[in-house]
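Trainee: Throw the hints in and build the complete structure from the sequences for me.
Protein chains: 2
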Amino acid sequence: MFTVIGERINTTLKKVKAATADRDAAYIRDDVQKQEASGATYIDVNAGARIGHEEEDMTWLLSVVKEATRLPLCLDSPDPAILEMAYGMVDQPPMINSISLEKDRFDPMIQFLKGKECRIIALCMDDNGMPKGVDDIFSRATTLVSELEAIGFKRDDIFIDPLIQPVSVAAENGTIAMEAVEKIMTELKGVHTTGGLSNISYGLPQRKVVNRIFLAMMMARGFDSAIMDPLDKEIMAVLKTATTLQGHDNFCMNYLKAVRAGDITA
Amino acid sequence: MFTVIGERINTTLKKVKAATADRDAAYIRDDVQKQEASGATYIDVNAGARIGHEEEDMTWLLSVVKEATRLPLCLDSPDPAILEMAYGMVDQPPMINSISLEKDRFDPMIQFLKGKECRIIALCMDDNGMPKGVDDIFSRATTLVSELEAIGFKRDDIFIDPLIQPVSVAAENGTIAMEAVEKIMTELKGVHTTGGLSNISYGLPQRKVVNRIFLAMMMARGFDSAIMDPLDKEIMAVLKTATTLQGHDNFCMNYLKAVRAGDITA
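Sequences listed follow chains A and C, in order. Read in order, the letters of the first sequence are residues 1 to 266 in the numbering used here. Read in order, the letters of the second sequence are residues 1 to 266 in the numbering used here.
It should be emphasised that the hints constitute simulated quantities derived from the structure, not laboratory data. Here the structure is a predicted model, which is why all the values come from computation and not from measurement. Even glycine gets a Cβ: it sits at the ideal position worked out from N, Cα and C. Some hints here could point you the wrong way.
[Claimed, not checked] Straight-line Cα separation of at most 27 Å, DSSO-like style, residue types lysine-lysine; simulated pairs:
id, chain 1, residue 1, chain 2, residue 2
1, A, Lys189, A, Lys17
2, C, Lys233, C, Lys17
3, C, Lys183, A, Lys189
4, C, Lys34, C, Lys15
5, C, Lys114, A, Lys183
6, C, Lys233, C, Lys15
7, C, Lys34, C, Lys14
8, C, Lys257, A, Lys208
9, C, Lys17, A, Lys208
10, C, Lys103, C, Lys66
11, A, Lys34, A, Lys14
12, A, Lys257, C, Lys208
13, C, Lys208, C, Lys17
14, C, Lys257, C, Lys208
15, A, Lys208, C, Lys208
16, C, Lys208, C, Lys132
17, A, Lys183, A, Lys154
18, A, Lys17, A, Lys233
19, C, Lys189, C, Lys34
20, C, Lys132, C, Lys66
21, C, Lys66, A, Lys233
22, A, Lys233, C, Lys183
23, A, Lys183, C, Lys183
24, C, Lys103, C, Lys114
[Unchecked claim] To spell it out: a stretch of chain A is covered by chain C in this simulated footprint if at least three of its residues, at any positions, have a beta carbon under 8 Å from a beta carbon of chain C; those stretches are:
id, segment
25, 12–22
26, 131–138
[Stated by the list, open to error] Incomplete in silico selection of chain C near chain A, CB under 10 Å:
id, residue
27, Thr59
28, Gln111
29, His248
Mentor: Have a look at this one:
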């Protein structure tokens, strides 16, 4: 089944930043509960925006979020020290967002991950920057998987992010992402693929339309997770409909339920 | 590029049936011009619904349609005698809808097609009925392609219809169609795939939502034609957006044009 990593508890978002600064627990709790009700699988928590306050903000946010939901959390920070603290606070195995192949980040993150019980988002980023084409993405994915397997992670715990790039920048960026996902899902069997879908539409008008059509196309090629906004009703309707069309919905029961609930409308 | 076979001039549709019976040329002309303006590649013409009148209705419809549009036509009849007459009326190479492997239909249709300059929709139907699974579809497609090649057709002239079946009838019907399309497009390189998308949603509420998400997913697997309604603005928006995401739209010029024209809206 598709793994929805709810992206809304992120202090780069103005309202979340303000609620965090004000220690407005009700606002955070309400948002998290809406994400859960809308179909999130994990709740991402990122406290990075208030420079110099990440540790205290993450501590406070986690204390609120973990009481607000039964969902597992996705701990989102580039800093292994913050992640170590956050990992100690959660009650069920989290997802970690993220590791990459950039030298400065890779070794400390591997040290942090060793022996931990968690899942991990692995970005196809290295010191040469963004990947250039399908083969580049796939070779980085292969390295990430073998490094994570070497410290004991199972493939089911690994979520490869191919790093979607805007179709406005290069016409082939959509097909590169789709082909990379198919190759990863086929040749690294057992891993997952995820990512921030909305990069695809950067620079275009009607971005949400592009994002949701792209989700359907990516799912058709094997994409089985996304870092996304579960409160975006239209993209969640696409997700539910595409899941039915993928054969994961006997007698279309979930589709029919979603229509009856008003979640899928023309 | 995607081939849109506009399905609206079909006497099984009540208004078209009435306009045909009344010889209301203005109604037909207007509909055809709207299909052309909305992005149709071919205009399908089917005069089969008024029993005993197919020949005169087809003759009249073609005389109106061919004057109304510069587009090539798709001649839609199970009767080779009607198709022979219709073929004689058109000014540019038409598409023929359709041939199948059903014994009664196959031989007369092959006789008709021999030496003709046209494209052809080839249905994966035989005397055992609808195909059962990907291998069955693929083996019928392979037979159709080799029979049509044997009488001189190029692969670019062949549009295989895998016969999409409702996901409400069996959960795997969506994936069967997607996998069959991918296999046909990969292993019978050069042919096209087409079909009536709306079968997928038979028996479900909000059918148009299902149809358009399915179009995006099918396109991601190689589907490059459909028999569809070009006046359905939402499904045409999906088609345009998916075409951009497939890398067939340099600098997203067509996408931007469609947004400016109001064809792509949230």
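Trainee: None of the hints should be skipped; say for each whether it holds.
Mentor: Right, here's what the structure says about each hint:
no.: 1; hint: A/Lys189 to A/Lys17; result: violated, 39 Å
no.: 2; hint: C/Lys233 to C/Lys17; result: holds, 23 Å
no.: 3; hint: C/Lys183 to A/Lys189; result: holds, 20 Å
no.: 4; hint: C/Lys34 to C/Lys15; result: holds, 15 Å
no.: 5; hint: C/Lys114 to A/Lys183; result: violated, 42 Å
no.: 6; hint: C/Lys233 to C/Lys15; result: holds, 20 Å
no.: 7; hint: C/Lys34 to C/Lys14; result: holds, 18 Å
no.: 8; hint: C/Lys257 to A/Lys208; result: holds, 17 Å
no.: 9; hint: C/Lys17 to A/Lys208; result: violated, 40 Å
no.: 10; hint: C/Lys103 to C/Lys66; result: violated, 32 Å
no.: 11; hint: A/Lys34 to A/Lys14; result: holds, 18 Å
no.: 12; hint: A/Lys257 to C/Lys208; result: holds, 17 Å
no.: 13; hint: C/Lys208 to C/Lys17; result: holds, 24 Å
no.: 14; hint: C/Lys257 to C/Lys208; result: holds, 24 Å
no.: 15; hint: A/Lys208 to C/Lys208; result: holds, 19 Å
no.: 16; hint: C/Lys208 to C/Lys132; result: holds, 25 Å
no.: 17; hint: A/Lys183 to A/Lys154; result: holds, 19 Å
no.: 18; hint: A/Lys17 to A/Lys233; result: holds, 23 Å
no.: 19; hint: C/Lys189 to C/Lys34; result: violated, 33 Å
no.: 20; hint: C/Lys132 to C/Lys66; result: violated, 39 Å
no.: 21; hint: C/Lys66 to A/Lys233; result: violated, 44 Å
no.: 22; hint: A/Lys233 to C/Lys183; result: violated, 34 Å
no.: 23; hint: A/Lys183 to C/Lys183; result: holds, 16 Å
no.: 24; hint: C/Lys103 to C/Lys114; result: holds, 17 Å
no.: 25; hint: 12–22; result: violated (count 0)
no.: 26; hint: 131–138; result: violated (count 0)
no.: 27; hint: Thr59; result: violated, 38 Å
no.: 28; hint: Gln111; result: violated, 39 Å
no.: 29; hint: His248; result: holds, 8 Å
Hints 1, 5, 9, 10, 19, 20, 21, 22, 25, 26, 27 and 28, counting from the list given before, are not met by this structure.
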